[in-house]
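Participant: The residues making up each chain are set out below.
Number of protein chains: 2
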Amino acid sequence: MKWCRFQSGRTTAYGIIDDTTVTEVTGNPFESHTKTATIAQLSRVKLLVPVIPPTFYAAGVNYREHVTEMAHRRGVKPEFPPNADVGYRANNALVPTDEPIVIPKDATDLVQYEGELVVVIGKQCKKVSEAQALDYVFGYTIGNDVSERTWQRGDRTFWRGKNTDTFKPMGPWIVTGLNPDDLRVTIRLNGKEMFTYAIKDAIFGVRQFISRMSQYLTLYPGDVLWMGTDGATENMKDGDVVEVEVPGIGVLRNPVVKER
Amino acid sequence: MKWCRFQSGRTTAYGIIDDTTVTEVTGNPFESHTKTATIAQLSRVKLLVPVIPPTFYAAGVNYREHVTEMAHRRGVKPEFPPNADVGYRANNALVPTDEPIVIPKDATDLVQYEGELVVVIGKQCKKVSEAQALDYVFGYTIGNDVSERTWQRGDRTFWRGKNTDTFKPMGPWIVTGLNPDDLRVTIRLNGKEMFTYAIKDAIFGVRQFISRMSQYLTLYPGDVLWMGTDGATENMKDGDVVEVEVPGIGVLRNPVVKER
Chain L
544 MKWCRFQSGR
554 TTAYGIIDDT
564 TVTEVTGNPF
574 ESHTKTATIA
584 QLSRVKLLVP
594 VIPPTFYAAG
604 VNYREHVTEM
614 AHRRGVKPEF
624 PPNADVGYRA
634 NNALVPTDEP
644 IVIPKDATDL
654 VQYEGELVVV
664 IGKQCKKVSE
674 AQALDYVFGY
684 TIGNDVSERT
694 WQRGDRTFWR
704 GKNTDTFKPM
714 GPWIVTGLNP
724 DDLRVTIRLN
734 GKEMFTYAIK
744 DAIFGVRQFI
754 SRMSQYLTLY
764 PGDVLWMGTD
774 GATENMKDGD
784 VVEVEVPGIG
794 VLRNPVVKER
Chain V
544 MKWCRFQSGR
554 TTAYGIIDDT
564 TVTEVTGNPF
574 ESHTKTATIA
584 QLSRVKLLVP
594 VIPPTFYAAG
604 VNYREHVTEM
614 AHRRGVKPEF
624 PPNADVGYRA
634 NNALVPTDEP
644 IVIPKDATDL
654 VQYEGELVVV
664 IGKQCKKVSE
674 AQALDYVFGY
684 TIGNDVSERT
694 WQRGDRTFWR
704 GKNTDTFKPM
714 GPWIVTGLNP
724 DDLRVTIRLN
734 GKEMFTYAIK
744 DAIFGVRQFI
754 SRMSQYLTLY
764 PGDVLWMGTD
774 GATENMKDGD
784 VVEVEVPGIG
794 VLRNPVVKER
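As they're listed, the protein sequences go chains L and V. Quick note: the first sequence uses the numbering used here, first residue 544, plus one each step. Quick note: the second sequence uses the numbering used here, first residue 544, plus one each step.
Just to be clear, a hint being listed does not mean it is correct.
Claimed, not checked - Now the in silico label distances, taken between C-beta atoms and shown as ranges:
1. L:Glu-802 x V:Gly-791: 32 to 42 Å
2. L:Gln-584 x V:Asn-722: 33 to 43 Å
3. L:Lys-670 x V:Ser-586: 29 to 39 Å
4. L:Ala-580 x V:Ile-595: 26 to 36 Å
5. L:Asn-778 x V:Arg-696: 43 to 53 Å
6. V:Arg-727 x L:Gly-720: 26 to 36 Å
7. L:Asn-778 x V:Asn-571: 48 to 58 Å
8. V:Thr-569 x L:Lys-670: 29 to 39 Å
9. L:Asp-744 x V:Ala-583: 50 to 60 Å
10. L:Asp-724 x V:Asn-722: 35 to 45 Å
11. V:Asp-561 x L:Glu-777: 22 to 32 Å
Just so you know, these hints were derived from the structure itself, not from any lab. A virtual CB, placed ideally from N, CA and C, is assigned to each residue, including glycine.
Just chain L, same shape as in the assembly (with noise of 0.2 Å):
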């Protein structure tokens, strides 16, 4: 099942996706809902991000290759997590599909795109297994976790560097049913692939993220969870487009514009 959030004249609902079709539902999808007879062609609705989370949990640094990349370029030795520590960003910097990455006038070149796997919580847990932990999840959608790294590096915490505005595109929708150990992520900048790579090869899954998490925090309905990205990250500049996609999924595509 195919859920999104949508803007239809002056209605924000959530909506089910059957083809080129959104119907539009009452209530949202943790909860009772109910399907309504307002039935909107696809193309003609605004898509919203597909869900506002109470808690925005992201993994960071969860793939062996982005580590040691990232850790190459910068030229210090490659650290990986020893255990599933989580971290946070925030929904001021969320945007939906289509809408565009805003770089600050301040910001430098090194504004680089994350495409990630995203997580979204379906029923309250606390102190699941490792077995019993995707019972929990509602579905997935996508997530680019943009970063002005010259800001993560020498800021105190991620604030400016993962949150200003617009810096966490997620969409397009979110769908249900899939395993993620079945799940690729490619990323491409102006049509061309920039990185594919598998979720199954992140250091720590899904089931370990949600299960160690929910050993000491309640996750809740529409908490998401960001799987962090692989691979090494390139510069987005004025004018430049970038697209993430998950087959299963979709396509989140966004325009990049220079704040003038």
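The hints should help you fit chain V onto chain L, whose structure is shown.
Facilitator: Coordinates of chain V only, in the frame set by chain L:
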């Protein structure tokens, strides 16, 4: 004006506190709202966390004596932050006044309080000056940034060190019309005063944080900014009661229990 969120029977609502009563309000404090005719005794309602923030910001290290004392204990040189680089905390950890702080079974003895002033944003803002910054503040409440120091130092992120469920007491309510420069924070453990400090002694003040954050981030109504704590902090154990008082706001009081 004193705003709370409360539960009374099956109703969860915002309310306005006058002396010993709460008037139920429809809507929310930041947008349109209307007083209802429902008035309850404050002592007979359950106070909830006064706002669930869209984004939960925390100044982190922001007072000189806290930085110096904590560095001294670890045998390292104190390092003061060069800029108002904000951090994040997570909504799963929020609990209201009077609810227990639950120390996980496998936590070390180093579970410590940090009594803080909390700024509640009232109006959306981007790129505001320090002179304008307080115009976007709705009011102030109190927070206790409970921290498991072993996890805080050893993990790759602050996820469980700072955001274990119940580690972020916030409340008891929000008070409007205050000048942050006039406020003091006093922390008591089992009735004994542990530390007291003036908000204006912060390394970076409320105006500086809001202005700097807003150069890159849009702040939204209901976002909270915890301002950091001063002084050394001490361990809390099963059976303790910790109070954070800000005269002009009130007292945030939480019992401490160890998970069994």
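Participant: Now, for every hint given, state plainly whether the structure supports it.
Facilitator: Cross-check of the supplied hints:
Here the CB-CB span from Glu-802 of chain L to Gly-791 of chain V is close to 40 Å, well matched to the stated 32 to 42 Å. At roughly 54 Å, the beta-carbon separation of Gln-584 of chain L and Asn-722 of chain V lies outside the given 33 to 43 Å, and the hint is violated. For the hinted restraint 29 to 39 Å between Lys-670 of chain L and Ser-586 of chain V, the CB-CB distance of approximately 35 Å keeps it satisfied. For Ala-580 of chain L and Ile-595 of chain V, the hinted distance range of 26 to 36 Å is satisfied, since their beta carbons lie about 33 Å from each other.
Distance hint check for Asn-778 of chain L and Arg-696 of chain V: the Cβ-Cβ separation is about 34 Å, which falls outside the suggested range of 43 to 53 Å. One distance hint, 26 to 36 Å for the beta-carbon pair Arg-727 of chain V and Gly-720 of chain L, is violated here, with the actual separation near 55 Å. In this structure the hint that Asn-778 of chain L and Asn-571 of chain V lie 48 to 58 Å apart at CB is violated, the actual value being about 41 Å. With their beta carbons about 37 Å apart, Thr-569 of chain V and Lys-670 of chain L fall inside the hinted range of 29 to 39 Å.
At roughly 56 Å, the beta carbons of Asp-744 of chain L and Ala-583 of chain V sit within the given window of 50 to 60 Å. Distance hint check for Asp-724 of chain L and Asn-722 of chain V: the Cβ-Cβ separation is about 56 Å, which falls outside the suggested range of 35 to 45 Å. Between Asp-561 of chain V and Glu-777 of chain L, the C-beta spacing of about 59 Å breaks the proposed range 22 to 32 Å.
The structure does not agree with the numbered hints 2, 5, 6, 7, 10, 11 stated previously, though it agrees with the rest.
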